[in-house]
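Q: Chain by chain, the residues run as shown.
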Amino acid sequence: MRQALPEKILRAGVLAAGAIVLLAPIAAGLWHSMGAALGHVPALGSEGPSLGPLRDVASQPGFSTALRLTVVTGISATLLSLALAIALAAAITQGPARVVSRLLAPFLAMPHAAMAVGLAFVLAPSGWIARALAPVFGWARPPDLATVNDAFGAALILGLVIKETPFLLLIILTALTQIPLRAHISAGQSLGYGRGAIWAKVIVPQLWPLIRLPVSVVLIYNLSVIDMALILGPSNPPTAAVLIARLFSSPDLAQIMPASAGAIVLGLVAAASIAALAAGARALAYLGPIWLRRGGREAWMDMPFRAIAPMGAALLLLGAAAMVLLGLWSLAWRWPWPMLWPETLTVAAWASALQDFGPALHNTALIALASTAFSLTLAVAWLETQAKSGREALIYLPLLIPQISFLFGMNTLLLQLGAQGSMGAVIWAHVLFVFPYMMMALTGPWRRLDPRYGQAAASLGAGRIRQLWAVKLPLLLTPICAAVAIGLAVSVAQYLPTLFLGAGRIGTLTTEAVTLASSSDRRITGVVTSLQAALPLAAYAGAFIIPKLAHRNRSALQGAAA
Amino acid sequence: MSLILKDVSITPKGGPALFAPLSLTILAGQIGAVMGPSGVGKSTLLAAIAGHLPQGFALTGQIILNGARVNDTAAQMRRIGLMFQDALLFPHLSLADNLAFGLPAQIKGAAARAAAVAQALAAAGLAGMGARDPATLSGGERARAALMRSLLAEPLAILLDEPFSKLDTALRGEIRAFAFDHIRARAIPALIVTHDDSDAMAANGPVLRLTGQSG
Numbered sequence: 001m002r003q004a005l006p007e008k009i010l011r012a013g014v015l016a017a018g019a020i021v022l023l024a025p026i027a028a029g030l031w032h033s034m035g036a037a038l039g040h041v042p043a044l045g046s047e048g049p050s051l052g053p054l055r056d057v058a059s060q061p062g063f064s065t066a067l068r069l070t071v072v073t074g075i076s077a078t079l080l081s082l083a084l085a086i087a088l089a090a091a092i093t094q095g096p097a098r099v100v101s102r103l104l105a106p107f108l109a110m111p112h113a114a115m116a117v118g119l120a121f122v123l124a125p126s127g128w129i130a131r132a133l134a135p136v137f138g139w140a141r142p143p144d145l146a147t148v149n150d151a152f153g154a155a156l157i158l159g160l161v162i163k164e165t166p167f168l169l170l171i172i173l174t175a176l177t178q179i180p181l182r183a184h185i186s187a188g189q190s191l192g193y194g195r196g197a198i199w200a201k202v203i204v205p206q207l208w209p210l211i212r213l214p215v216s217v218v219l220i221y222n223l224s225v226i227d228m229a230l231i232l233g234p235s236n237p238p239t240a241a242v243l244i245a246r247l248f249s250s251p252d253l254a255q256i257m258p259a260s261a262g263a264i265v266l267g268l269v270a271a272a273s274i275a276a277l278a279a280g281a282r283a284l285a286y287l288g289p290i291w292l293r294r295g296g297r298e299a300w301m302d303m304p305f306r307a308i309a310p311m312g313a314a315l316l317l318l319g320a321a322a323m324v325l326l327g328l329w330s331l332a333w334r335w336p337w338p339m340l341w342p343e344t345l346t347v348a349a350w351a352s353a354l355q356d357f358g359p360a361l362h363n364t365a366l367i368a369l370a371s372t373a374f375s376l377t378l379a380v381a382w383l384e385t386q387a388k389s390g391r392e393a394l395i396y397l398p399l400l401i402p403q404i405s406f407l408f409g410m411n412t413l414l415l416q417l418g419a420q421g422s423m424g425a426v427i428w429a430h431v432l433f434v435f436p437y438m439m440m441a442l443t444g445p446w447r448r449l450d451p452r453y454g455q456a457a458a459s460l461g462a463g464r465i466r467q468l469w470a471v472k473l474p475l476l477l478t479p480i481c482a483a484v485a486i487g488l489a490v491s492v493a494q495y496l497p498t499l500f501l502g503a504g505r506i507g508t509l510t511t512e513a514v515t516l517a518s519s520s521d522r523r524i525t526g527v528v529t530s531l532q533a534a535l536p537l538a539a540y541a542g543a544f545i546i547p548k549l550a551h552r553n554r555s556a557l558q559g560a561a562a
Numbered sequence: 563m564s565l566i567l568k569d570v571s572i573t574p575k576g577g578p579a580l581f582a583p584l585s586l587t588i589l590a591g592q593i594g595a596v597m598g599p600s601g602v603g604k605s606t607l608l609a610a611i612a613g614h615l616p617q618g619f620a621l622t623g624q625i626i627l628n629g630a631r632v633n634d635t636a637a638q639m640r641r642i643g644l645m646f647q648d649a650l651l652f653p654h655l656s657l658a659d660n661l662a663f664g665l666p667a668q669i670k671g672a673a674a675r676a677a678a679v680a681q682a683l684a685a686a687g688l689a690g691m692g693a694r695d696p697a698t699l700s701g702g703e704r705a706r707a708a709l710m711r712s713l714l715a716e717p718l719a720i721l722l723d724e725p726f727s728k729l730d731t732a733l734r735g736e737i738r739a740f741a742f743d744h745i746r747a748r749a750i751p752a753l754i755v756t757h758d759d760s761d762a763m764a765a766n767g768p769v770l771r772l773t774g775q776s777g
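Residue numbers (this note's numbering), protein chains in the order written: chain X, 1 to 562; chain C, 563 to 777.
Keep in mind that the hints were calculated from the coordinates and are not lab data. Don't take every hint at face value.
Stated by the list, open to error - Cross-link-like lysine-lysine pairs, in silico, DSS-like; alpha carbons within 25 Å at most: (1) X/K388 / C/K575; (2) X/K388 / X/K8; (3) C/K575 / X/K8.
Said to hold, decoys possible - Derived, one-sided and incomplete: chain C residues facing chain X with beta-carbon distance under 7 Å: (4) A612; (5) L615; (6) F619; (7) A620; (8) A637; (9) Q638; (10) G643; (11) L650; (12) F652; (13) H654; (14) D695; (15) A697; (16) G701; (17) A715; (18) T773.
Unchecked claim - Among the chain X residues that face chain C by a calculated CB cut under 10 Å, a handful are: (19) A17; (20) S235; (21) N236; (22) A313; (23) A458; (24) A462.
Small disclaimer: the values here were computed from a predicted structure and weren't measured. Glycine residues also receive a C-beta, built at the ideal position from the N, C-alpha and C atoms.
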């Protein structure tokens, strides 16, 4: 048993590290939030349990409207993104799917806050669309329309859909490689079914189990998003997450209790939404076969698929315009209404912003690199030592609970550890979200790698470390680079973890961008959001180029694109 | 030198053994063969001997290499070479680097190592092709290179897992003769798993026929 014992210790050690890093803060966070929600905060001299905080938050002006807004925007954005992504996938897989999936990279890289600011630049009454329409309608000044921050949350839904559709599309395209798509479509067509009906009856039911987790992650994200809701969402009342975040940052410390009560309520709403999604899927799984057995060819179903895909493409075009406008405003000097192009271009805003926001840039890069490096190490250790099991679902727990429901409690834990407001605390909070996304990108390729490469190396005398360094890591370079790019992008985009765990003392480009978004200086906002977007864009470009260069003479590895 | 299997059997967790306990003695320079229909567990047996028993399987019996029991020795410490059906050259390395990977670290100095690799390439009829991408090689070239990589590691025994089954018949005899000649020249025990009688005939060593436990 020379080999078995250390192997066991290694496996248990990695499992324990994963549990401490990921689950401890969530468990402690939920515990402290729950305590505060029941009025138990000894540090403030308040002993629970009492239902007072719950009553307090319920009596906040607009709380029920805020909750309704959250549910409506969160669920409709998720379902819309899913429908668009499926229709786009159906359209793309008829053509050059690989080329199109490359075009998605900028959308995936874009931080939510930057995308939101860019969309505001397009949609606002003084934005690009209104400027383009001005000559038609003869508007002498920006029209008095609430096109952003509208009370229904339409702009917020639009922003979420533009950001999440590419993510779901990429997830679907990846999942489709596990389904014999072409064969199933040919088989269906030979039986007289059209593409729409084949997708609805054959492909989507096979697809759902493979994309259920990412769709749930998107749903939770949409229900609890703060930065995008602050920039695009309604303000009075805002969505529940924003209202709760405001209570948390109130100068009156006693507000922590109703805020925590609200955070727990939001957590319950999120859990109920996930349950509703699962129940809906189950109902469709029951009704689907009944529909299918009737044998209708439903030729009309080709129509919605054909009609939805251009809508998706139009939304992506809107997102692309938003990205362009960020850069354009950062270079604009004079840009009067209703001109479509700035009158003068200058780099003056960049020069001054680079000085003012140097520390934020430094913090952003440091936190992103540290949390990604740590997460990559943990991910490789995890995949090397842990067999595939149900335990793996726990990795994704941080993405399946609204951030605001446990981050404040995690902050309390770190306060007790004496690490509150430190760089380490912020990095740890980022790891909670960076690690699961990196695992999503790495797990499939890692487990699919032919185990015989490692065995061949071992039979040539290579030990465990050499097998990893000399064979597995180079073979997996493409997915590793992709995972690193995703990790950096996820970290750069984090808003609430930086705000809460940094105790407001650690500013990143994202926290600055959200603060600036409500200001009137579009130039500086354009510079900071462009800078915020530039980091993950560079990472994605690197993830594309590095494996190409490293494997330029290796044709067997050229096809393995991210 | 010898490779001895004594009452070796492999049992999946909670199931019956894949085959009845088998015993086989292969002396230096001999090439033993294990025959049997696909799915009977031939490849699992070879993997177990090399130290790669898949998770969920248990091995009983003894694997004795040069008089020492190696059941619990880590794969990379066993010095048992393993050649697969697909040559499994590492796709990220050049042909020469693939061979250098197998070359023991005791051979020091870039020039000496390069010379050893070049010599092996020449012996495999691949002289001057060291910089090639393994993906651009033909099936026969890949098989010869994989064998050379295995032999460069100076194994004490070598296992071959249907190494010729993906080659077309014309090439098959040629590569097989090449492989067997080189193995015999090393005077090490070898064990080939195959379902092709001509392989076993050419091996000209002890033959074992596996049948499933329950048919």
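Q: All the hints need checking, so say for each whether the structure fits it.
A: Taking the hints in turn, this is what the structure says about them:
Between X/K388 and C/K575, the direct Cα distance comes to roughly 17 Å. Compliance with the 25 Å bound is thereby established for this hinted pair. As the CA atoms of X/K388 and X/K8 are separated by approximately 16 Å, the hinted pair is consistent with the 25 Å bound. For the suggested pair C/K575 and X/K8, the alpha carbons sit about 19 Å apart, so the restraint of at most 25 Å is met. For C/A612, the shortest C-beta to C-beta distance to chain X is roughly 6 Å, which falls under 7 Å, so the interface hint holds.
Annotation: interface hint on C/L615 violated; nearest CB of chain X at approximately 11 Å, more than 7 Å. Given hint, C/F619 at the interface with chain X, is violated; its Cβ is 14 Å from that chain's nearest Cβ, farther than 7 Å. With a least beta-carbon distance of about 12 Å to chain X, the hint placing C/A620 at the interface is violated under the 7 Å criterion. Annotation: C/A637 was flagged as interfacial toward chain X, and the flag holds, the nearest CB pair being 4 Å apart, inside 7 Å.
Evaluation of the C/Q638 hint against chain X yields a held restraint, the C-beta minimum of about 4 Å falling below 7 Å. Satisfaction of the interface hint for C/G643 is found here, the shortest Cβ-Cβ separation to chain X being roughly 6 Å, below the 7 Å cut-off. Evaluation of the C/L650 hint against chain X yields a held restraint, the C-beta minimum of about 5 Å falling below 7 Å. For C/F652, the interface hint holds, since its Cβ comes within 7 Å of a Cβ in chain X; the closest pair sits about 6 Å apart.
Against a cut-off of 7 Å between C-beta atoms, the interface hint on C/H654 holds, since the closest Cβ of chain X lies about 4 Å away. Given hint, C/D695 at the interface with chain X, holds; its Cβ is 5 Å from that chain's nearest Cβ, closer than 7 Å. The closest approach between the C-beta of C/A697 and any C-beta of chain X is roughly 4 Å, which is under the 7 Å cut-off, so the hint is satisfied. The criterion of a C-beta within 7 Å of any C-beta in chain X is not met by C/G701, whose closest approach is roughly 14 Å, and the hint is violated.
Evaluation of the C/A715 hint against chain X yields a held restraint, the C-beta minimum of about 4 Å falling below 7 Å. The closest approach between the C-beta of C/T773 and any C-beta of chain X is roughly 26 Å, which is over the 7 Å cut-off, so the hint fails. Below 10 Å, beta-carbon pairs count as interface contacts, and X/A17 has none with chain C, the closest being about 22 Å; its hint is therefore violated. With a least beta-carbon distance of about 53 Å to chain C, the hint placing X/S235 at the interface is violated under the 10 Å criterion.
Residue-level restraint check for X/N236 is violated (minimum Cβ-Cβ distance to chain C is 58 Å; threshold 10 Å). Contact between X/A313 and chain C, as hinted, is not supported at the beta carbon level, the nearest pair being about 36 Å apart and thus beyond 10 Å. Evaluation of the X/A458 hint against chain C yields a held restraint, the C-beta minimum of about 4 Å falling below 10 Å. Checking X/A462 against chain C: minimum C-beta separation of about 6 Å stays under 10 Å; hint holds.
Comparing the model with each earlier hint shows violations of hints 5, 6, 7, 16, 18, 19, 20, 21, 22; every other hint is respected.
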